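Given next are the chains, with one letter for each unit.
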Amino acid sequence: MSIDITVKGIAAFLSDAWQTPVEISEVAPASAGARRRNVLFTAYRDGEPMRLVATIIHHAGLQIMTVETEAATLRLAEDAGVAVAHVQAVCMDPAYVGGPFFVTNQIAGETVGRQILRLVEANAGLGPTIAHGIGESLAKLHAVDPALAHPALERPALGTTAIDAALAHVRAQLDVLLQPSPVFELAYAWLDSHRPQARQRLTVVHRDCRNGNIIVGPDGLRAILDWEVAHLGEPMEDLAWMCVRMWRFRNDELEVGGFAARDDLRAGYEAAGGAWDEPSFFWWKLYSTLRWGLGLAGQARAHLDGTFSSIVMAGSGRRVGELEYDCLMLLKNQFSPS
Amino acid sequence: MQDRPTAAELLREIADLLEGDVLMGAPAPVKHHVRVAANLARIVQRELEVGREANFRERALLGDLLGAEGSTAELNAEVAALLRANDDEAFARAAWPVLLAITLDKLSIDKPGHDAYDFSREQLA
Numbered sequence: 163m164s165i166d167i168t169v170k171g172i173a174a175f176l177s178d179a180w181q182t183p184v185e186i187s188e189v190a191p192a193s194a195g196a197r198r199r200n201v202l203f204t205a206y207r208d209g210e211p212m213r214l215v216a217t218i219i220h221h222a223g224l225q226i227m228t229v230e231t232e233a234a235t236l237r238l239a240e241d242a243g244v245a246v247a248h249v250q251a252v253c254m255d256p257a258y259v260g261g262p263f264f265v266t267n268q269i270a271g272e273t274v275g276r277q278i279l280r281l282v283e284a285n286a287g288l289g290p291t292i293a294h295g296i297g298e299s300l301a302k303l304h305a306v307d308p309a310l311a312h313p314a315l316e317r318p319a320l321g322t323t324a325i326d327a328a329l330a331h332v333r334a335q336l337d338v339l340l341q342p343s344p345v346f347e348l349a350y351a352w353l354d355s356h357r358p359q360a361r362q363r364l365t366v367v368h369r370d371c372r373n374g375n376i377i378v379g380p381d382g383l384r385a386i387l388d389w390e391v392a393h394l395g396e397p398m399e400d401l402a403w404m405c406v407r408m409w410r411f412r413n414d415e416l417e418v419g420g421f422a423a424r425d426d427l428r429a430g431y432e433a434a435g436g437a438w439d440e441p442s443f444f445w446w447k448l449y450s451t452l453r454w455g456l457g458l459a460g461q462a463r464a465h466l467d468g469t470f471s472s473i474v475m476a477g478s479g480r481r482v483g484e485l486e487y488d489c490l491m492l493l494k495n496q497f498s499p500s
Numbered sequence: 015m016q017d018r019p020t021a022a023e024l025l026r027e028i029a030d031l032l033e034g035d036v037l038m039g040a041p042a043p044v045k046h047h048v049r050v051a052a053n054l055a056r057i058v059q060r061e062l063e064v065g066r067e068a069n070f071r072e073r074a075l076l077g078d079l080l081g082a083e084g085s086t087a088e089l090n091a092e093v094a095a096l097l098r099a100n101d102d103e104a105f106a107r108a109a110w111p112v113l114l115a116i117t118l119d120k121l122s123i124d125k126p127g128h129d130a131y132d133f134s135r136e137q138l139a
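Protein sequences, first through last, are from chains A and B. Position in the first sequence counted from 1, then plus 162, gives you the working numbering. Position in the second sequence counted from 1, then plus 14, gives you the working numbering.
The hints are simulated quantities; they were obtained by calculation from the structure and are not laboratory data. Being a predicted model, the structure only gives us computed values, none of them experimental. Incorrect hints may appear among the rest.
Unchecked claim - Residues from chain B shown here face chain A by an in silico Cβ test under 7 Å; the list is partial:
#1 L54
#2 A55
#3 V58
#4 L62
#5 F70
#6 N90
#7 F105
Stated by the list, open to error - EDC-like, lysine to aspartate or glutamate: derived pairs with alpha carbons at most 16 Å apart:
#8 A:K170 x A:D255
#9 A:K494 x B:E33
#10 A:K494 x B:E136
The beta-carbon is built from N, C-alpha and C at its ideal position, and this holds for glycine as well.
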């Protein structure tokens, strides 16, 4: 859909939602992915300028979670003190711009992973500050009463744990690989045999908090983005996902997104009341490495079967070996003690 | 027999062109795709150079591990099935170094240098 039609649709929706004529200017299409795109703009509400972002799902069928559930989760996180963009409006009606969307405040700062690393290089002490901020935000998120979560937020089936659900998730993806991966089977078998104790209480887990889904300024973390795969689960999943090697952009020595040490993340998490569990962290880190390896294989499959053809998705198939290597190395002491 | 340049030499030229003039002239939204395309051309170039040997090695390593013969695909499927059964610790231990050797060969084509990082701080004791 052309940007002009999109802008007209957003203006019409906000005018209806706010019951006052809204004008839009300074429109800039930002990132666009397979499922959604972001449009930056200024809305004039009663003459007052507001810098906003519309996150638009290309069409309703592509939603992993509905925009209503995602917006509710964002609001819940904001109320808990997590660094997130404030939600201004939610539109379920695809008539306005072709797909459902929600509108949040625009937050200035850097979002591109490699650019964040450049910003960190230019500002002494910034990396640990960002990691500390992420730790604090995640601790606040994990402290939220799960009963307050939107009822449609994904959660383990009754009688099963978040560990069971996580293993079932990767098992299903292992079963549809285009070619079997002995390495991923080895990793899965280890995870299955070394399940950590599931916690009594489920927590809201972002599940994709990484360098690439954060907004950062010279003052530190400003917001955690993209809540569309959030679910109720185990808190260490978020901390481990943040530390997977793939988000370090070759700054491998710095475990947290290539900009800070794990201790910086942990210090922020504990300062805000989070309880760090080391064996569980390791389990979730191997799990996260496997999950992303299977995700890349899934992208290649989507390219090959025509679901989403793109040279980037094709290239993902040739990145699977990196995650296989990372899985093997994480398990080195378990299989090949030196 | 084809005349020089070889297929690998041609792919190197294509990758150089993509990373040079094409990338410089590409509009912003396409730049990332051009970089990916150049990287994929280099992957194919390396696969043409060393892929055959790597496949022979993989087949031999898997065959030794299983004490069986078959195509690389069949042997991989068999090893994956045995590891999935998760009831033979000795087999898993024997498989680990074999899988590492095969994965290192894959990386030498798909992502040379990925194995340079020392994981020791991140391993479970």
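Given N90 (chain B) as an interface hint, is its Cβ closer than 7 Å to any Cβ of chain A?
Holds: closest Cβ of chain A sits about 6 Å from N90 (chain B), inside 7 Å.
Hinted contact A55 (chain B) with chain A - closest CB pair below 7 Å
violated (11 Å)
Could you check if F105 (chain B) really has its C-beta closer than 7 Å to a C-beta on chain A?
Cβ of F105 (chain B) sits 10 Å from chain A, so the hint is violated.
Does D255 (chain A) sit within 16 Å of K170 (chain A), going by the straight-line distance between their CA atoms?
Holds: K170 (chain A) and D255 (chain A) sit about 15 Å apart, inside 16 Å.
Measuring from the C-beta of L54 (chain B) to each C-beta in chain A, is the shortest one below 7 Å?
Result: holds, 6 Å to nearest chain A Cβ.
Starting from K494 (chain A), check that the Cα of E136 (chain B) is at most 16 Å away, please.
holds (10 Å)
Hinted pair, alpha-carbon criterion (16 Å max): K494 (chain A), E33 (chain B). Please report holds or violated.
Since the Cα atoms of K494 (chain A) and E33 (chain B) sit roughly 37 Å apart, the hinted pair is violated (cutoff 16 Å).
Holds or violated: the hint that V58 (chain B) contacts chain A, with Cβ atoms closer than 7 Å.
Since chain A brings no Cβ nearer than about 10 Å to V58 (chain B), farther than 7 Å, the hint is violated.
Is the interface hint satisfied for L62 (chain B)? The criterion is a beta-carbon contact with chain A at less than 7 Å.
violated (14 Å)
Quick check on the hint: F70 (chain B) CB to chain A CB, less than 7 Å?
violated (18 Å)
In summary, the numbered hints that this structure violates are 2, 3, 4, 5, 7, 9.
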